[in-house]
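Okay, here's what each chain looks like letter by letter:
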Amino acid sequence: MSAVASSVPSLLPGGANSKRLERRLTRHIKERVIESVLFLAALVSVLTTVGIMYVLIKESVVFFQHVSIVDFLTDTQWTPLFDDAHFGIMVLLSGTLTSSLVALAIAIPLGTIIAIYLSEFAPFVVREVAKPFLELLGGIPTIVYGYFALLFVSPILQTLIPGLPGFSLLAAGIVMGIMIIPYVSSIAEDAMRAVPMHLREGSYAMGATRFQTAIKVVVPAAFSGIASAYILGISRAVGETMILAVAAGMQPNLTFNPLEPAATITAYIVQVALGDLPHGSIGYQTIFAAGLTLMLLTLVFNILGHMLRKKFREAY
Amino acid sequence: MAYAQTIEQIRERIAEHKRWDLVFAIVGVLSLIIGVLTFVALFLNMALEGVPRLSLDFFSNFPSRRPGQAGILSAWVGSMLVMLVTAVVAVPLGVGAGIYLEEYAPKNIVTDIIEINITNLAGVPSIVYGLLALGLFVYQFGFGQSILSAGLTLALLILPVVIVATRESIRSIPIGIREGAYALGATKWQVSKDHIIPYSMAGILTGVIIGMSRAIGETAPIITIGALTFIAFLPPAPFSAEPPYVSFEWLTSPFTVMPIQMFNWTSRPEAAFQVNAAAAGFVLVLMTLAMNGLAIYIRYRLRKNLKW
Chain C
1 MSAVASSVPS
11 LLPGGANSKR
21 LERRLTRHIK
31 ERVIESVLFL
41 AALVSVLTTV
51 GIMYVLIKES
61 VVFFQHVSIV
71 DFLTDTQWTP
81 LFDDAHFGIM
91 VLLSGTLTSS
101 LVALAIAIPL
111 GTIIAIYLSE
121 FAPFVVREVA
131 KPFLELLGGI
141 PTIVYGYFAL
151 LFVSPILQTL
161 IPGLPGFSLL
171 AAGIVMGIMI
181 IPYVSSIAED
191 AMRAVPMHLR
201 EGSYAMGATR
211 FQTAIKVVVP
221 AAFSGIASAY
231 ILGISRAVGE
241 TMILAVAAGM
251 QPNLTFNPLE
261 PAATITAYIV
271 QVALGDLPHG
281 SIGYQTIFAA
291 GLTLMLLTLV
301 FNILGHMLRK
311 KFREAY
Chain H
1001 MAYAQTIEQI
1011 RERIAEHKRW
1021 DLVFAIVGVL
1031 SLIIGVLTFV
1041 ALFLNMALEG
1051 VPRLSLDFFS
1061 NFPSRRPGQA
1071 GILSAWVGSM
1081 LVMLVTAVVA
1091 VPLGVGAGIY
1101 LEEYAPKNIV
1111 TDIIEINITN
1121 LAGVPSIVYG
1131 LLALGLFVYQ
1141 FGFGQSILSA
1151 GLTLALLILP
1161 VVIVATRESI
1171 RSIPIGIREG
1181 AYALGATKWQ
1191 VSKDHIIPYS
1201 MAGILTGVII
1211 GMSRAIGETA
1221 PIITIGALTF
1231 IAFLPPAPFS
1241 AEPPYVSFEW
1251 LTSPFTVMPI
1261 QMFNWTSRPE
1271 AAFQVNAAAA
1281 GFVLVLMTLA
1291 MNGLAIYIRY
1301 RLRKNLKW
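So the sequences go chain by chain: C and H.
Heads up, the first sequence is in this note's numbering, so the first residue is 1 and it goes up one at a time.
Heads up, the second sequence is in this note's numbering, so the first residue is 1001 and it goes up one at a time.
Same shape as in the complex, but just chain C:
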């Protein structure tokens, strides 16, 4: 660039012509500078990913020099801060998976039904009111949901299920499920609304009812989009933190029973961060190993989702 800048004016010495050229040149340079700056802004997102992987892997490598991967995956106890330290991630993973299953058992059916209803059945007014309302529901801070799960839902569940402890995966999972509904329903609905009208009209012309059209034509046609909605819901459930930290208790507990309290991967990270762990200690590194596990878990679901989308993609 600078070579051009110095050589061009010398080719055309003096006069208005060179001034114009110079102006065009500075303009050109300015354009290129702006483009580079904008490119750097776009690059920040890539740097974020690189940064995440760098930090997680760097600390995890140190962690796995102390703890063998076999122990990490097979040990049935998680007591990293005790003298008799055990690092069995399965314990935290069981809490994460159980609470996610409870949440998804609520969010996926309800989210799908709401999406089908809003896209295929609801009158215009209902849709216009319901959609922003659902958005508001999705915008409430998760700590508020945590409070709600612990001090409202949990006592109600305790009267329904005698013997349920104050902290349980069930209460946290249910509230988490309701929190995820808007994410699932809005993406699934967008996918269904993108199905071309003539497919529905063809179905109606053959005498199908609304319900038949929705289930047999619209849903299969939109399935790749609906699958993305489910995958997003799963990622949300697996990565949700505050509801579980508040309402599911923080004791590590190898269980798949939603009626028990248990710590999840995310709740463990919060618990450690709340304490005062020195930088570089083994306890400090465990949260990065736990974070890496969480990242890999969401990555697996995302790849699965990508494959699902590819398999069911419909071209119109």
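Just so you know, these hints were derived from the structure itself, not from any lab.
There's no promise every hint is true.
Below, a list of computed lysine-lysine pairs in the DSBU-like style, where the Cα atoms sit at most 30 Å apart [stated by the list, open to error]:
hint, chain 1, residue 1, chain 2, residue 2
1, H, Lys1107, C, Lys310
2, H, Lys1018, C, Lys30
3, C, Lys216, H, Lys1018
4, H, Lys1018, C, Lys131
5, C, Lys19, C, Lys30
6, C, Lys19, H, Lys1188
7, H, Lys1107, C, Lys311
Far from chain C by the CB rule (all over 10 Å, computed), these chain H residues [as the list claims (entries may be wrong)]:
hint, residue
8, Leu1073
9, Trp1076
10, Lys1107
11, Asn1117
12, Tyr1182
13, Pro1236
Just so it is clear, the structure is predicted and the values come from calculations on it, not from any experiment.
We treat Cβ as the ideally placed atom computed from N, Cα and C, and that holds for glycine.
Chain H: place on chain C using the hints.
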């Protein structure tokens, strides 16, 4: 499958299928009502528990060991300052990235990588951003457990939201506008600055507000970087009467934010602190609702007024 023989049988079959329509419509409405009822229960629960606790003192007191005197002064000041950093970082970066991807980016592998990356980042759990910040901002860059670290973390977290909103808004501008400007000799940046940004402003604003409303409620990443839960002082004021008038000392100050204050009170066993948590939660919910409501309103106005 047996075929219906007589008219009566056919009519009955039609009626049966129509009944399913009705059943599903009812199930759909019921599902929606579950969502609405949850929202109402949550809101009323917070309001009934928390509103009696709300007073001027609650906003102007520091947290305290005595629940009756505890307030959210350091929490809301902290939230505001963190949000300020977040906005200052996320808005230019997000809008810049959005403009680059829509107006400048060539179709090549680098652009593809950036786009896939943004999609994936939107699905990364927020606590992972906290770990990134802990490893990178707090220790590697030495920013410490400060307002700066928290603001940067939340900025990265909401960046995908801002970028996606910017891109969608830009994409809805007809190509004719750009061509008209280029035909008059405008450069790419002139087109972007004088046409693309102003016309997509409302959409960008919606995205920014939604992103900020998400950031203000985020708890997990800020706890992860090690924000304290008990702060009984305010960060140094950004402005002063004597020269140099403006100080950036507050950026490196320890802090707490609203959701962390609420978390702290929620996890205490004493009921009196949980009342405080309800009050703080009510304020927090009102703030996010107001921001989301504003975003929905802007979008609604936009859709009504804008006809290309």
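Hint-by-hint comparison with the structure:
| no. | hint | result |
| --- | --- | --- |
| 1 | H:Lys1107 / C:Lys310 | 22 Å, holds |
| 2 | H:Lys1018 / C:Lys30 | 66 Å, violated |
| 3 | C:Lys216 / H:Lys1018 | 15 Å, holds |
| 4 | H:Lys1018 / C:Lys131 | 26 Å, holds |
| 5 | C:Lys19 / C:Lys30 | 16 Å, holds |
| 6 | C:Lys19 / H:Lys1188 | 22 Å, holds |
| 7 | H:Lys1107 / C:Lys311 | 26 Å, holds |
| 8 | Leu1073 | 19 Å, holds |
| 9 | Trp1076 | 14 Å, holds |
| 10 | Lys1107 | 14 Å, holds |
| 11 | Asn1117 | 5 Å, violated |
| 12 | Tyr1182 | 13 Å, holds |
| 13 | Pro1236 | 24 Å, holds |
Checked against the numbered hints given earlier, this structure breaks hints 2, 11; the rest are met.
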